[in-house]
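Protein chains in written order, with this note's numbering: chain A, 5 to 365; chain B, 46 to 523.
Simulated pairs of lysine-lysine, PhoX-like, Cα-Cα distance not exceeding 25 Å: (1) A:LYS318 / B:LYS177; (2) B:LYS323 / B:LYS447; (3) B:LYS371 / B:LYS342; (4) A:LYS223 / A:LYS139; (5) B:LYS447 / A:LYS10; (6) A:LYS162 / A:LYS347; (7) B:LYS217 / B:LYS305; (8) B:LYS157 / A:LYS351; (9) B:LYS188 / B:LYS376; (10) A:LYS159 / A:LYS260; (11) B:LYS342 / B:LYS376; (12) A:LYS314 / B:LYS157; (13) B:LYS220 / B:LYS157; (14) B:LYS305 / B:LYS403; (15) A:LYS159 / A:LYS209; (16) A:LYS347 / B:LYS157; (17) B:LYS220 / B:LYS371; (18) B:LYS371 / B:LYS330; (19) A:LYS12 / B:LYS447; (20) A:LYS166 / A:LYS285; (21) A:LYS318 / B:LYS157.
Covered stretches of chain B, as calculated for chain A (at least 3 residues, CB under 8 Å): (22) 78-87; (23) 124-138; (24) 168-177; (25) 378-392.
Hints are computed from structural coordinates only; laboratory data are not their basis. The C-beta atom is built at its ideal place from N, Cα and C for all residues, glycine as well.
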Amino acid sequence: MIMSEKCKQHVDSCRFCWMCHHICPIGNATGQERNTARARALGISLVNREAMGLEEIMDNIYECCTCGACVHDCTTGWNPVMFTKETRLQAALDGKTPDYIAALVSNCLETGNAYGKTEICSDLAAAVKAHSAKKDTLLLLGVDAKYMVCEQALKAIKVLEKAGVDFTVLDSEPASGAQLDFLIGAANETKEQMVACAKALGEYKTVVVYDPDDAKAIKQTYKEYGIDVAADVVTYTSFVAGLVKDGKLAAKNSGKAVVFQDPYQLARDLEETEEAREVVKAYANLSEMLLNRGETVWAGNILMAQYMPKVINKVAERRIFNATSIGANAIVTVSVAEYASLKAVAKDVEILSLEDLILGE
Amino acid sequence: MQIQMNEFLFSMILTELEDAVGVENCSTRQIDKVTHSVDYYWLSRMWADRGCHMPEADIVVCPEDATQVSKVLKIANYYKLPVTTWGAGGGTQGGAIPVCGGIILDTKRMNKIYEVNTDAMYIECGTGAIYKHIEWAANEVGKATMHYPSSLCCSTVGGFLAHRGIGVVSTKYGKIDDMVLQMEVVLPNGDIINTCSAPKHAAGPDLNQIFIGSEGTLGIITKAQIRIFDQPEDRRFRGFLFQDMSGAFKAARELLQKFKPSVMRLYDEAETASLIKKIVGVERKGAFMNVAYEGVKEMVDVEEKILLETFAKYGAEDLGSEYGEKWWKEKLTFFYPGHMMDIPQCFGTMDTIAPYGKIEEIYWAMKEAIETNFPQAKFIAHFSHWYEWGAMVYDRFIVDGKDVPQDPVEALRLHQAIWTCGVRAALAHGGVVNDHHGVGIKLGRLMKEQYGPAMQVFENLKKTLDPNGIMNPFKLGL
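So that you can see chain B by itself, here it is in the shape it has in the complex:
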């Protein structure tokens, strides 16, 4: 039954939610609704830039723990109100936009650090904790989280889990889905569950991995044990210039059969000539690659020798350590206004991943598709997360402000069209709809194209766990 909302019923529901989380943690103020309607998603930013209102929640609630989350979800289920989970709003896919109104559940009060365990090497925290804060907690005991995305300071633990995030040292330490031991999750019906006490087991499918990446559509992750690592004794950088990307791919693939660097970032010629020139200062034609390797000093010595020998085989010019060190120091600078793309430009990052043998082909296919169909768009890319079997391409399109329609709906059309074109090109050549930003509202329509009949697994999970369809509707294509 779809309820008919009216002022009386709305007020009744509001008092129930206030009872669940406390009056001061339940808001209908316009500033709270507006603040939670614009995340890092380009369309929400463009919409606000044009002076338009994005879809807003009716009520913003800020629970402090799983018990309060449970109460909120029970109320929402009873009245069949949509619930959209909000971490810090740093997502690029519109995953936290309350497109159907209802309730925004902001997790940031669930920011408690419960335990710093240096035996099993994890921090147990509420998922509303800003990741930088748990990094500080790790640093205080001489450890590190080794999860350093550009959004380290502006995304929550839950946000990274919900969208399967990744950091710049992932090649050695893994993605966020590799960094979790146990999680507490509140199911849509309000039940509070815990996943297994260890992440590797044979007790059936991995519950962690069902909820990681589910973007608030199957439940709300409220607590997590996040891995920490010893600080490396030594971390070294080396910059290289390859004549072209093909040589770089061959070199990187061979290197990864020998050891895992922490950072590997290969920039295409366009990005080498733009962002890398601007921030790091490399003013050369070719494809710049930055490699970091770290750990116990004796092993780093050996890794350095292997790296130099391997890359020399493929004609890489050794640029020394200066550029890499500068990049490490400036790695977040790229993302501040004035350095990063910003309104009035129209832009997007269509990160995708594939095995070797496909990834380079995907890069060229996406580049051709974008540049052919949208000549007003510039296409740049780098490859920054590598595995023994393949790599990720972080490809971006940028349209100058003068070529972006002022009419918000027309601007939306252009943005959607470029995305659809680029991601379809990736899918057609064996790529995945996204690598580490998630799906959100932006790419939901392409999930069925990605999964085909496999999509029914997600759809049936959704129907079973969330029969009223209240959890973050229309995200993930669910």
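Pulled out of the complex, with its shape left as it was, chain A reads as follows:
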């Protein structure tokens, strides 16, 4: 397998290192030894030494959620996410992507989303139409909210309406490239999608990005790939925090006791942890659960649930356990993907979005 020297160095450092064994959300949920950074590194190193075939490790390579908990935990800065993504890219170039992943990639290329969806729910369609006029500010909903959890997309729009923000929502939103980046890494197709998105966003003065996964891609990955965005890009969370701070959203604390689930994209990649907390504290009583802020534990997503739904359910259940073990009965999340994952398995705990808190729903 062709692999950069930098990645090989990281692979050979991680293959015999167990130090992040405890932190992987997938490994902790499945209890499977292969779901560890060192197991993935070992597999890749054996492929590099021609002792295994690339196709024998690819399922395992796609069991990684790339949340970066292992990267964050590593004292010496080794980066399992980097070599995992490079292996995905190499498999794609070699035509060794597993079929179930190749289908998702095809969907991304054909429809802009991995789910292959082209229609949105009628209520959302109406709301989008109401904001079709060109304004300075664009609200980028993202594919998860738009196609998979449209009620959250609607709420995101309602919150901005409530604050009196003048904004545009695009009927044909450009794909951010985040899903392709997850599936096949820095392939040309990924970069082309990102360049197209950057160009579309550049038509606006400010872009408010609702999905943390898109925010990470646009604010961080684009830079890594040398793609510039002319607009001022802000996360939905920080934008809303500003609205609360400026009094444009009248906050009233309901007294509800909640914990906050930090999405790793905001907490680790963009180092944004306090903005959401400011909003939550304005509307509810916030406690902290185990492993918060930069040490957050990923709680699942919709994309991986397409090919490993049982595991994603287990991941979400474990995160709910972290909340309930300190007596919490409500979790607030700002990631639509984590919202959907937690909601799918929540029994005795309430799953709320930031918009739910603000809108009092």
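For this one, chain A is given, so just place chain B on it according to the hints.
Positioned in the frame of chain A, the structure of chain B alone reads:
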């Protein structure tokens, strides 16, 4: 009867195991077999580094509780299939390597925390729980496990029990075998048993201690009650520099008659000049010693006074608290790639333990044996677990990559020879074959040299409990 395996019979056995633990928890995938064939044992790492395959299991099973473990062991016994228990693979002795193939039984799905009991001060958990996770559970109620080995984050409760592990605050709080109240164990025939409800009793020999350290050869520990402690009000550190190790030994021995510090780590001159210089920043000739003492503040004040007075008597230079605090903060950093020894070096830790009067002699004997017979090897050591009666030496050999044969069999020969030489030197001077990493496949051959006729006690236990010899064959010398 040795069964003749064929595709049909293998498929039949596989379906039985799938029925026992669930299809998704039973794997013959190559990635699972490879992953479970390389643990932290240097030989398995070297073997993989050379692009070779270590012995692999035929089937990997992940049961969720004792009932499923019982079913697996009954199936394995019926077909006489080897069963090797795997925790998280953080062992250094090859104890989890499935050298005879068969079944790998991975315990990590047995990770449930059943109870956090702050009256009797224990956590009851499945033995597949990563120790750090039960530390988190203890911390959530303001307590701590006080078991902090370098492998805290990458070893299971069962792994520590199976190999009689130890943590850095052992001098005050004890070894893993001191930290268990009750255990649930599945015997090789599939029977599920519980040890006594209290660890101190006069109801015959201690069942806990028969299974702790048995490395999966006598049964599988599936649940344990692990002690927790109050967080100390105060934890203080003090670094000292001794001119030589003899003075340090005398000082430490005297101190331990007065009180028990939590941490005591004495580094020989070679390790002071290498690892300690690199990580902690002490750039001085001599033997560095780091001491921590903790508990109720008033008692810590008194302990500090005693410590300073005692060590001053033996000419120790007081380096203050900075180095100790830095060491505490960086105590796991030593073990990350880039800091720790790694391939292509050849290395090993031959930890041994002995009473005062022997331990220093053992250190010098091992150093001489290694450096004389293997001039390409560097020998460094520290003493990090102390008792009123003796101490442990954590001595390591390191051979630079350029001096390690590329041929895997030749590299294996070199590794084995150094180990045999070092451990025999320890045994000859009254040491024990190992202190806290266990025996595994690495040291099994030396167990008979350690125990002599006493080995028959283990052998007969093994024959009685595991007549088919399916449980982790060739480990512990059994």
